[in-house]
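Chains as they are written, first to last, in the working numbering: chain A, 1 to 438; chain B, 1 to 438.
Mixed in with the good hints, there may be bad ones.
What the hints assert, rightly or not - In silico DSSO-like links for lysine-lysine, alpha-carbon gap of 30 Å or less: (1) A/K162 to B/K108; (2) B/K426 to B/K391; (3) B/K158 to A/K158; (4) B/K158 to B/K391; (5) A/K162 to B/K391; (6) B/K162 to A/K162; (7) A/K310 to B/K108; (8) B/K391 to A/K158; (9) B/K389 to A/K162; (10) A/K158 to A/K108; (11) B/K158 to A/K391; (12) B/K162 to A/K389; (13) B/K149 to B/K162; (14) A/K149 to B/K158; (15) A/K125 to A/K108; (16) A/K158 to B/K426; (17) B/K149 to A/K158; (18) B/K310 to A/K108; (19) B/K310 to A/K310; (20) B/K391 to A/K391; (21) A/K162 to B/K149; (22) B/K158 to A/K389.
What the hints assert, rightly or not - Ranges of calculated distance between the beta carbons of each label pair, as one might list FRET restraints: (23) B/W128 to A/P120: 55 to 65 Å; (24) B/M153 to A/K391: 26 to 36 Å; (25) A/L121 to B/R103: 52 to 62 Å; (26) A/V387 to B/D402: 55 to 65 Å; (27) A/S280 to B/M153: 44 to 54 Å; (28) A/D83 to B/D152: 25 to 35 Å; (29) A/E124 to B/L224: 27 to 37 Å; (30) A/E124 to B/D361: 54 to 64 Å; (31) B/R103 to A/E165: 44 to 54 Å.
Claimed, not checked - Partner residues aside, some chain B positions facing chain A, computed with beta carbon under 10 Å: (32) A92; (33) W128; (34) E140; (35) E165; (36) G219; (37) P223; (38) N227; (39) A231.
If you are wondering where the hints come from, they were derived from the structure by calculation, not from laboratory data.
These figures come from a predicted structure and were not determined experimentally.
A virtual CB, placed ideally from N, CA and C, is assigned to each residue, including glycine.
Protein chains: 2
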Amino acid sequence: MAASASSLLAAAASSSCAAISSRLPAGAPAAASVPSASRHSCASLRASPARRHRSRFIASVAPTMQPPAESRVSTVVDVDLGDRSYPIYIGAGLLDEPDLLQRHVHGKRVLVVTNTTVAPLYLEKVTWALTHNNPNVSVESVILPDGEKYKDMDTLMKVFDKAVESRLDRRCTFVALGGGVIGDMCGFAAAAFLRGVNFIQIPTTLMAQVDSSVGGKTGINHPLGKNLIGAFYQPQCVLIDTDTLNTLPDRELASGIAEVVKYGLIRDAPFFEWQEKNMSALLAREPSALAYAIKRSCENKAEVVAQDEKESGLRATLNLGHTFGHAIETGIGYGAWLHGEAVAAGTVMAADMSHRLGWIDESIRKRVVDILEQAKLPITPPETMTVEKFKSIMAVDKKVADGLLRLILLKGPLGSCVFTGEYDRKALDETLHAFSNN
Amino acid sequence: MAASASSLLAAAASSSCAAISSRLPAGAPAAASVPSASRHSCASLRASPARRHRSRFIASVAPTMQPPAESRVSTVVDVDLGDRSYPIYIGAGLLDEPDLLQRHVHGKRVLVVTNTTVAPLYLEKVTWALTHNNPNVSVESVILPDGEKYKDMDTLMKVFDKAVESRLDRRCTFVALGGGVIGDMCGFAAAAFLRGVNFIQIPTTLMAQVDSSVGGKTGINHPLGKNLIGAFYQPQCVLIDTDTLNTLPDRELASGIAEVVKYGLIRDAPFFEWQEKNMSALLAREPSALAYAIKRSCENKAEVVAQDEKESGLRATLNLGHTFGHAIETGIGYGAWLHGEAVAAGTVMAADMSHRLGWIDESIRKRVVDILEQAKLPITPPETMTVEKFKSIMAVDKKVADGLLRLILLKGPLGSCVFTGEYDRKALDETLHAFSNN
Chain A
1 MAASASSLLA
11 AAASSSCAAI
21 SSRLPAGAPA
31 AASVPSASRH
41 SCASLRASPA
51 RRHRSRFIAS
61 VAPTMQPPAE
71 SRVSTVVDVD
81 LGDRSYPIYI
91 GAGLLDEPDL
101 LQRHVHGKRV
111 LVVTNTTVAP
121 LYLEKVTWAL
131 THNNPNVSVE
141 SVILPDGEKY
151 KDMDTLMKVF
161 DKAVESRLDR
171 RCTFVALGGG
181 VIGDMCGFAA
191 AAFLRGVNFI
201 QIPTTLMAQV
211 DSSVGGKTGI
221 NHPLGKNLIG
231 AFYQPQCVLI
241 DTDTLNTLPD
251 RELASGIAEV
261 VKYGLIRDAP
271 FFEWQEKNMS
281 ALLAREPSAL
291 AYAIKRSCEN
301 KAEVVAQDEK
311 ESGLRATLNL
321 GHTFGHAIET
331 GIGYGAWLHG
341 EAVAAGTVMA
351 ADMSHRLGWI
361 DESIRKRVVD
371 ILEQAKLPIT
381 PPETMTVEKF
391 KSIMAVDKKV
401 ADGLLRLILL
411 KGPLGSCVFT
421 GEYDRKALDE
431 TLHAFSNN
Chain B
1 MAASASSLLA
11 AAASSSCAAI
21 SSRLPAGAPA
31 AASVPSASRH
41 SCASLRASPA
51 RRHRSRFIAS
61 VAPTMQPPAE
71 SRVSTVVDVD
81 LGDRSYPIYI
91 GAGLLDEPDL
101 LQRHVHGKRV
111 LVVTNTTVAP
121 LYLEKVTWAL
131 THNNPNVSVE
141 SVILPDGEKY
151 KDMDTLMKVF
161 DKAVESRLDR
171 RCTFVALGGG
181 VIGDMCGFAA
191 AAFLRGVNFI
201 QIPTTLMAQV
211 DSSVGGKTGI
221 NHPLGKNLIG
231 AFYQPQCVLI
241 DTDTLNTLPD
251 RELASGIAEV
261 VKYGLIRDAP
271 FFEWQEKNMS
281 ALLAREPSAL
291 AYAIKRSCEN
301 KAEVVAQDEK
311 ESGLRATLNL
321 GHTFGHAIET
331 GIGYGAWLHG
341 EAVAAGTVMA
351 ADMSHRLGWI
361 DESIRKRVVD
371 ILEQAKLPIT
381 PPETMTVEKF
391 KSIMAVDKKV
401 ADGLLRLILL
411 KGPLGSCVFT
421 GEYDRKALDE
431 TLHAFSNN
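Model the full structure from these sequences, guided by the hints.
Have a look at this one:
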């Protein structure tokens, strides 16, 4: 299993940049300072003149770029999935551009799914953007309670209730306005309502913008495990208005950074090095730093998803630290920790185990701990997580196959990982004992 | 809308037989008496020598055929959906052939989903078939309450609970053992559990064997409407052991016949004529008559589904009578009438409306009433269904698009229909008033 997973990863890596393209709106400046991440993150970008041209396009979307006068879209990342392909728009003030949203609405009826925190901030603006100069469209909304602990079947039924009561038909569009929980629930509701209607993602947290809104994983939690019920279902577009981060609490911002760090560790060493240098800028919400981190994260995610939509191998690597992290979230009760907080502690555990196996140098393990500490994220699980609790929850992880728990572990130089069930069980035991009580 | 739907149907009809093939197991007799339905049901079967050859294969699977010594599979109908294609096995005693089932089981863990009526009859036998000479496979089961009124989210959660508690992983297989309700719920559970696991359909009612187990429509009811929450999700195979009909109550048998009649009316006039001649044989459970009705129904369904899996047009025609029928089921409470009973009354209403529109002759309308009466099915809705009740429930039907209710109506000679929103509203009103109280 490990061998085939490893060779899949190796094969995939060699063509990983062919799967996406980044476009600039007309009129965008063609030259700007180029972060090293863009130049070196993907070997195949340097493989041919055509790819080098595409590379320049990516490179030109630099943090210091000014948006063109006619649109605030600073970057478009395409997720290439054949007839299910879609664009990710990234920029400041995109909710002030009605046309962007409206071009992806199908039918005349829209249901906005949001929560009690986000609705007072952005629901009116989104409704305006959907209906401005567009009197044919009518907008309904359903406002769910906020938090991971509501990502359950009872709350999901409220979305179906609203959709049925509003007599929405197959030609309607669901819009997810909020963080990862809203995106996951709205997406699954869109996948299942009338066996599938259109939907649009408007992520308003860094976590959702860099990770959960991209790639079509939707679902809800089961009391015994995270995301155990759901669907692969792709949106019509993802619209990332970076201005929405202005209202995001610090703790939520840090949570999103945990996933940004992940991309560097699993496949993009220059991006990780960029983060080491720019973490204080990210925490200070420096707009160009945030925009670059979001863009590069979406590009990494789009590349992986385009090659392995249904997670037969490569895509699983996006779950570095998540098996430990999900166990923490389930073990201490959904919502007690933010997702990225649990992932941060889980990433440290995965790095620790990789080092115990002799797969990475101590220096890499230390850099993982350092960058997450710098981001003010937890680097150990909560004390209530016992070894036994970890083991029993990890046994129902989706990456178990025929009883064997497969993990994403770091292996080799910075930016390299494997997805494998072939590891010494002793290392896993030692890591669990080092990080939790008996 | 109507024009494009009609032309879609016309275009589809001209190639409708290319989409499926019927295979015979090795050793099956090559010649037998050929029912007229097989020879004339599809114009394109006569179009080329290659197709004629395929036609002979279909034709040779006649009701009087003896199964070959080594297998009781009398017919295999392939549902052609690219990489999601699968076989439908039809024959007597197929549950006594462990290999048939086992070749479609993925992984080592199986969850059989069944109900309190079917479990005492067939669960032991199916468990034996899954595990005979196959000690690596372990079988769990979940036994749901029986009936349409339990096709809801609460009951569905029992399937997820069992799957999670049993620590099933992505390489497991769900098996639906029962009628349409079990197939729809197990299929949706398989689609959503861990975002999709393998599943197998073992339909044990005529309704499920001729219709609901084929084509991948899965889902549950919402209190306000039937099948409003679900997924398109195809099984690995459908295994129809016609012996299971021996335990089916008469009322359930008649319910299934309503769907058999439907195939004749919408696209297969010779099959309808065969039914008119053989209805008493079907009601008397004459094995060869039942086997032929099942085979020809599956072939019709497979042809339609292969051309229009996601119901963008053609597939909707399989819902003749269902918009009225679903309204009856929802209006009087799920389970009060069997699905086929509601469809029968709905089919009479659709024929009545088609006649009022001048789209079919009175003789066809009368033949519809006669054949359903002969099958001992209701030909009028229950008295509690008022015009208002029909209208309010039909407004949330899945075939509403941008507020316009599209219907499947008969039009032209026997065996022809349209799926259209362009009809005189007065005819619909008149039909509703003719069949229900104000």
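Against the structure, the hints:
1. Restraint check: the Cα-Cα separation between A/K162 and B/K108 comes to about 40 Å, which exceeds 30 Å; the hinted pair is violated.
2. Proposed proximity of B/K426 and B/K391 is supported: the alpha carbons are some 13 Å apart, at most 30 Å.
3. Under the criterion of a C-alpha separation no larger than 30 Å, the hint pairing B/K158 with A/K158 is consistent with the structure, at around 20 Å.
4. Of the pairs offered as hints, the one joining B/K158 and B/K391 is violated, with about 34 Å between alpha carbons and a cut-off of 30 Å exceeded.
5. A threshold of 30 Å between alpha carbons decides the hint, and for A/K162 with B/K391 the separation of about 20 Å falls inside it, so the pair holds.
6. Between the alpha carbons of B/K162 and A/K162 the distance comes to roughly 29 Å, so the proposed pair stays at or under 30 Å and holds.
7. The straight-line distance between the Cα atoms of A/K310 and B/K108 is roughly 21 Å, inside the 30 Å bound, and the hint therefore holds.
8. Among the hinted pairs, B/K391 with A/K158 is consistent with the structure: their alpha-carbon atoms are about 24 Å apart, no more than 30 Å.
9. With a C-alpha separation of about 20 Å, the suggested pairing of B/K389 with A/K162 holds against the 30 Å cut-off.
10. Restraint check for A/K158 and A/K108: the C-alpha separation of about 21 Å stays at or below 30 Å, so the hint holds.
11. Taking the CA atoms of B/K158 and A/K391, the gap is about 24 Å. The hint holds against a cut of 30 Å.
12. With a C-alpha separation of about 20 Å, the suggested pair B/K162 and A/K389 falls inside the 30 Å cut-off, and the hint holds.
13. For the hint pairing B/K149 with B/K162, the CA-to-CA distance comes to about 21 Å; that is within 30 Å, so the pair holds.
14. Note on A/K149 and B/K158: the hinted pairing holds, with a Cα-Cα distance of about 20 Å set against a maximum of 30 Å.
15. For the given pair, A/K125 sits about 18 Å from A/K108 by alpha-carbon distance, which is consistent with the 30 Å threshold.
16. At roughly 36 Å between alpha-carbon atoms, A/K158 and B/K426 are farther apart than 30 Å, so this suggested pair is violated.
17. Restraint check for B/K149 and A/K158: the C-alpha separation of about 20 Å stays at or below 30 Å, so the hint holds.
18. Of the supplied pair hints, the one linking B/K310 and A/K108 holds, its CA atoms being roughly 21 Å apart against a limit of 30 Å.
19. A threshold of 30 Å between alpha carbons decides the hint, and for B/K310 with A/K310 the separation of about 19 Å falls inside it, so the pair holds.
20. Proximity of B/K391 to A/K391 is assessed by CA-CA distance (about 55 Å); at most 30 Å being required, the pair is judged violated.
21. Between A/K162 and B/K149 the alpha-carbon distance is near 21 Å, which keeps this suggested pair within the 30 Å criterion.
22. Between B/K158 and A/K389 the alpha-carbon distance is near 24 Å, which keeps this suggested pair within the 30 Å criterion.
23. Taking the beta carbon of each, B/W128 and A/P120 are about 60 Å apart, inside 55 to 65 Å as hinted.
24. Checked against the hint of 26 to 36 Å, the C-beta distance between B/M153 and A/K391 comes to roughly 31 Å, which is consistent with it.
25. About 55 Å separates the C-beta atoms of A/L121 and B/R103, a value consistent with the hinted range of 52 to 62 Å.
26. The hinted window of 55 to 65 Å between A/V387 and B/D402 holds, with their beta carbons roughly 57 Å apart.
27. At about 48 Å, the beta-carbon gap between A/S280 and B/M153 stays in the expected band of 44 to 54 Å.
28. Distance hint for A/D83 and B/D152: a CB-CB separation of about 33 Å, consistent with the stated range 25 to 35 Å.
29. At about 29 Å, the beta-carbon gap between A/E124 and B/L224 stays in the expected band of 27 to 37 Å.
30. A hinted range of 54 to 64 Å holds for the C-beta pair A/E124 and B/D361, which are about 58 Å apart.
31. Hint check: B/R103 to A/E165, Cβ distance near 46 Å, so the stated range 44 to 54 Å holds.
32. The restraint placing B/A92 at the interface with chain A is violated, with a minimum CB-CB distance near 34 Å, outside the 10 Å limit.
33. For B/W128, the suggested interface contact is broken, since its CB lies about 22 Å from the closest CB of chain A, more than 10 Å.
34. Evaluation of the B/E140 hint against chain A yields a violated restraint, the C-beta minimum of about 14 Å exceeding 10 Å.
35. Hint status for B/E165 relative to chain A: holds, with the closest Cβ pair at about 7 Å, below 10 Å.
36. Annotation: B/G219 was flagged as interfacial toward chain A, and the flag holds, the nearest CB pair being 6 Å apart, inside 10 Å.
37. About 8 Å separates the beta-carbon of B/P223 from the nearest beta-carbon of chain A, less than 10 Å, and the hint is met.
38. Given hint, B/N227 at the interface with chain A, holds; its Cβ is 8 Å from that chain's nearest Cβ, closer than 10 Å.
39. Among the interface hints, the one on B/A231 holds; its C-beta lies about 6 Å from the nearest C-beta in chain A, closer than the 10 Å criterion.
Hint compliance for this structure: hints 1, 4, 16, 20, 32, 33, 34 are not met, and every other hint is.
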